[in-house]
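Use the sequences and the hints to build the structure in full.
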Amino acid sequence: MDLQSEGCDLAIIGAGMTGAACAWYAARAGGRVAVLDRGAVAGGTTGAGEGNLLVSDKEPGPELDLALLSTRLWRGLAEEPWFVAASAEYEAKGGLVVASRPDGLAALEAFAEGQRRAGVEAESVSASGLAELEPHLSPELAGGVYYPQDAQVQPARAAALLIRDAQRQGARLHTRTTVTALIRGSDGRRVEGVVTDRGTLRASWVLNAAGTWGGEIARLADVHLPVLPRRGFVLVTEPLPRLIRHKVYAADYVADVASSSAALQSSAVVEGTAAGPVLIGASRERVGFDRTFSLEVARLLAKQAIELFPALSQVKVMRSYLGFRPYMPDHLPAIGPDPRAPGLLHACGHEGAGIGLAPATGHLLAQVLTGKTPDLDLSPFRPERFEDGAGA
Amino acid sequence: MRRNPLTLVGARPEPSFQVTFDGAPLDVLPGQTIAAALWSDGITSWRSTRVEGRPRGVFCGIGVCFDCLVTVNGVPNQRACLVPPKPGDEITTQRGDGHGAV
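Taken in order, these protein sequences are the chains called E and P. According to the numbering used here, the first sequence is numbered sequentially starting from 4. According to the numbering used here, the second sequence is numbered sequentially starting from 2.
It is worth saying that the hints were derived from the structure and are not from the lab. One thing to keep in mind: the hints can contain errors.
[Claimed, not checked] Here are the computed lysine to aspartate or glutamate pairs in the EDC-like style, where the Cα-Cα straight-line distance is at most 20 Å:
id, chain 1, residue 1, chain 2, residue 2
1, P, Lys87, P, Asp42
2, E, Lys306, E, Asp259
3, E, Lys96, E, Glu126
4, E, Lys319, P, Asp68
5, E, Lys319, E, Glu241
6, E, Lys319, P, Asp98
The following block contains the structure:
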């Protein structure tokens, strides 16, 4: 049984934010695209995050370059008529990173200075300036840095909108369709399509956009891609009047993001949403795919959020959710063709930054697929870089 | 006598006690939730929505949907379908998110 008898140019495995963005850019470039997911659109990590579009937490280097490109692309997407009409809560609200002590503030300032040289807009904020930006912030803080390029989006909705618009441009969507094998060429290596529980689909290119589960797809092609789950909890408060205007987080967050420890790390990331509830992250643990609720993590997140915003001590948490970030040992995603399995591309392993990095990922891959020189050098993201421990 | 859940199971509840709803006295049987007490008195709405101010009361009745939120003793966002009232509680209609201006 064929899923699509005519086959396609690009079969994308994964209907999360990354797969959606790749589908949109490829369809816009004229490609015949199919998106497959064993679950629903945004059913994995995309639907379990906060929708952060951040430059502020990234040190100068390839990931920041990707984030800066994505920031521009997100602004463009947010102005597309179909995006505006179905509001995905895109908000260029800006991020505010705060330090509780003078030594932390000095480290934050040094970090921001490096980012400025790399093209990030970063404005130093004094202790008194913090109160003007965020009146409910704790008066105990030493100061911070304001990042006007940081933004937020409702990720599940944004992914659905991108896929819907890609469908208007001819893309096909096959949800509840599990890829069980890859069609291999006569040389035994070349990837020429996918085998699913609902039929086969021939494709010139197969894109692994399976996020945290990207390592499983790579295994189907007999290649190694070390994507590991890094669990995070988000607390959701009762709806509140506008209490928090920006995305606000403690400077420790940057160190947590860059850390490779398996143990629990947590630093408060607090933001209001258009719908009213305040979202509180961000914990990081490498505990496999364990979905057990952790009171320890929830308590820590709540405590850290109250340290930033004392008014939250009077606010109830309504629920929590968790997700699994696709963690790579060097904290860089895998983007591009896999020379070990010609015909296979990867776009996964974006850890906690996938929503933000999705448009740049899709845009660059579309450039690769249409034979153009990508706007950014993709070599830091080579999927095969972990062979012989070279990129680890 | 009209059939109601109490007569159907032959309940012999302990004596009722009083709370207030928007200032008016309301009788509560021990074991009833706030929602049950309000419904027994014919009151079906005790919250207005945040954006359009539309009336809300019990929807799921089992603590899942958060539609039946109500303010109890000044604390908003209590689920009326779960919270058992205590004698003297002041239950009030919740407007919007119930926080006024934070």
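Here is how each hint holds up against the structure:
Note on Lys87(P) and Asp42(P): the hinted pairing holds, with a Cα-Cα distance of about 17 Å set against a maximum of 20 Å. A C-alpha spacing of about 17 Å is found between Lys306(E) and Asp259(E), which places the hinted pair at or below 20 Å, so the restraint holds. The hinted pair formed by Lys96(E) and Glu126(E) meets the criterion: a straight-line CA distance of about 14 Å does not exceed 20 Å. For the hint linking Lys319(E) to Asp68(P), the alpha-carbon distance of about 16 Å falls within 20 Å, and the restraint holds.
Between Lys319(E) and Glu241(E) the CA atoms are separated by roughly 6 Å; this keeps the pair inside 20 Å, and the hint holds. Restraint check for Lys319(E) and Asp98(P): the C-alpha separation of about 12 Å stays at or below 20 Å, so the hint holds.
Checked against the numbered hints listed earlier, the structure breaks none of them; every hint is satisfied.
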